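Visitor: Sequence:
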Amino acid sequence: MQLKDRCLVVVALITGRNFPNRPTYHLVCEAKFNNEVLSTDPVEHNEEPQFEQELAWDLDKTSLKQHRLQRSALKVTVSAVDSQSPVKEPVGFFMLDLRSCSAEKVYKWYRILHSKYKSSPAIFASIYLDIEGQELVPNPKIKTGLAMSLSEADLIPRVYNSEEDNQHFSIHTTMANIQSTNITWYTIGPRRLAKEYFMLTFQFEEAFKLESLIPIEQSLCSGEHIGGFHFTCELFGITIYSNQFSQLMQVKFNPIEQTFYIKSTVDILRIYFVHITPLVIKFCFGSHVLAHATVPIEQLIPSNDHILHNTVVLNRSFDLISEESDQQLKEYQSRHTEDKPRVNINITLRRYPDKNVIQQRSTMTNNNNNSRRLCNMTDSLNHIPSLNPDPYADVNTMSSNVNENYDQFVTSLPEGKTLKQSSRTLERDDFLCPSKLLNVYQSMDGTPNWHRYCYTIELRSVKNIQGFDHELQLYARYVYPLFGSGAPVMTLPPVAVTRHQEVILPHGFCAFEFAASLEELKTRLNDNPLKVEFFDRSQGTLATDSFIGYSLIPLVSVFESSIVKATKESSTLVRRINDSVDMLAEQSNTNELKVVGQLVYSLQLEDFGAHTVDSNASVLDMTKGLVHQINDEIKSEPSDIRSTREYQVAIELELWRAAEEAKFTAQLKKREQTLMATLAEEWHKRDSQREIICRKKLSEYQALEEKLRNTLIELATRERQLTAGEAELVRLKQENARELEVRRKELNQQSQVQIRDLESQMKLEKKNSEHWKSQIVEWRSKYASLEEENNSLRNEINGRLKRSVDNKASNETPSINNEVARLTAELAVARATLSETECRLVEVERGRARYRQLWTKSLHELAKVKQEADEATRISLAQKEAELEQLKSYYLNVDEKRPTSQDLKEVTDGNLERSKMNEEMTTEINVSDVKSVVDEKIEAQITRLIEERDGLLNTGVYENSDSLIVDLDRQIRYLLGKI
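For reference, each letter of the sequence shown is one residue, going 1 to 979 in the UniProt record's numbering.
Think of the hints as simulated: they come from the structure by calculation, not from any bench. Any given hint might turn out to be false.
[To be verified] Keeping only pairs whose Cα atoms sit at most 30 Å apart, straight-line, the calculated DSS-like set for lysine-lysine is: (1) Lys-745 with Lys-696; (2) Lys-782 with Lys-766; (3) Lys-767 with Lys-696; (4) Lys-696 with Lys-61; (5) Lys-766 with Lys-65; (6) Lys-697 with Lys-670; (7) Lys-696 with Lys-65; (8) Lys-697 with Lys-32.
Quick caveat: nothing in here was measured; it's all calculated off a predicted structure.
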């Protein structure tokens, strides 16, 4: 992953409001994002806590986009921490929307949700993106950060009021001396933030080409305008006037500076200058304004300067713009730069010089101040022996605290001052009492009896835990300020403890070095046993600590052990003891103490021998001399306190104290530099290791990215091939579906044509059968009439025969016989015709039945033809898939692959011949049955072959010159020849 694709999600916490004032508590904000928990440093729990901290998470843009798609919200939890206990007390939380964050810083107030305070507290915060490699250019017109937290009332300059300020915070000595002079101080910004002192000077220097600003049409000599030419400017609510003048070509003002004394901060001053910009300078004659110039005073303080070590100056010439009409204004703008009227000003801003404060403080001292300084000096001298001779001893020995919290190590260094202030025994009213001073300094003569000790406390383990129904996440904590350290010692991280199990406590070792007498050490250790408290830390993101019990370790018990030497060569004496003590817990119902476990510990006291205080010998001698001089000179009251001996000694002691403080500060800085150099070396070592690991991981990631890139390219190629194949398959399926639909339509049309042909043949056969039936009826009627005629003739002949038997028996007998013979012959002919007609009728009935059988058979053959067509279509689809490459070349010549006109002519001739044959078959119904059946089969076969040939040609796969098409044409011609 490239570095340019990474960014920082930053949560900026500025300040708070509506919080209750809890002096013993601190506020901590904690947030979890991207599986990483970050928290702020503790700040004071007052009404308006000042966080002024940022929490940042590093992630890539892909993860950021995923978080935004998932609508991830960032939860900031606010907790209150007691300085005397590590237990976190939840105050509430507020949510930040990750989707609304951008590179622009937008601050607003977030109300604390589910807050335990009824005052509706809120925190002024913002969430934004810090993209690496992108420089954020601030827009001075947009209020962000501290500027949005300031109101209009905060940016109004106010005259400093010491009584009002004393109610909120203590005044420094410098500010007290500054106020003693007759200087007006202006406060800008909230009182809790305005703690720095500045001096701003404003001066008019020169003016040029002012004669062009004098109006020609208007007279300046009227009564209300009398007063002369001058410049004015309003700053901090005060109008600044320049000296009056009459020369307009070039004016040089006297070097008179207008000085303003300001109590504020650099950032608030920058915001104030942006708020009041531009500063307007007016050129006037009396009370009439002739022109004005605008000064961009926001450019006085650079945007990247937050300390203001050096003096900042705004010394430039600014163009004067006339107050006349627009036409004159256009003429004025068209002038050359050198011809334009200008005014040159000088604005200077610097910190208030401390040297002047020291001079003022030294010149304004009085008797009361001298006595107070002497009292403070004697108080400090009283406790010089009680100071830790090695200010880094606690830091060197408390290894566990150094490893766990470097900030705690730094803050624990100046604790000697608090001890020094808390152990003062002299009162200010007794600062001139020689007996008390002598008693104090006489008690310091016993320092050679003091020894240097190292007391080691090791909390080893806990065992026999009982009375709890769940697994404990236990850790121990204790504070023992008697050894000169108020920092708590904790065995973190917590360890899991179950019933009747012994668990070792981590980081339980701590050593303290100090100097004291043996009797005093025994007395102090006997009076102050070590109280070790035990806490159970709950699981989850909002972990809370609950008190479960304590143990009292008698530190004086180490003197009961025997004394041994550390080594044979050294003179260090060691006392060591290993023991266990009960863990006690108070019952909530009966308020009785109950044993809930045991603590195993080890104590060791090392005696390094007598402690030397050479550095304080000269101070003691000086102090004793001071006591005697005070005792001698207190009897007489001098006229001038500065000429007294004690005043000079006090000055010398003050200078000595300052030198010692500088020496101590130098040693502290040297020690801090050494430690920081060690930490820097270790950091560089770890950084080089991390860099090597990072490069290795980057190379691995790059190799994996290259492999993934190749895989993606191959997958994309395969996907394109698959997509093309799928598209080709879809196209073929569509073409096959279209061809199948066309084939079905053609088959339906052919079947309909055949059905119509068969129906016409049926109608023709029906007409023929009706014709033959009518002929049969006619022949039968004719036969009946002939029978009747025959019978009538017979009867007539018989009657005639009977009548003419007698008369013409001999003559008419031959003629009657002839007539009878003729009639008999006609009757025989009629009978023969009747029998022939009956035979034809039978044949017609047989032909009708045979035609019905042929109709049924033709329907079966039609279904078979459809099935064969479907099979042929499926076979053609298989051939198309096998001959996919040939299709691409054949599609270009689709028109040439259609059936030729000769084939169509042959098919038409065949159809005509077939229709002629059908007509002949209908007209010649008396043809033999065998010949008609054969002709019908041949016609069906010819039709099937023609349809098969047309189907193959329509597919576009075969041409007329192919062997298969030639063979089908040959079979069709052969069958046509047989017909």
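Visitor: Which earlier hints turn out false for this structure, listed by number in ascending order?
Guide: As far as the earlier hints go, 1, 3, 5, 6 are violated by this structure, in ascending order.
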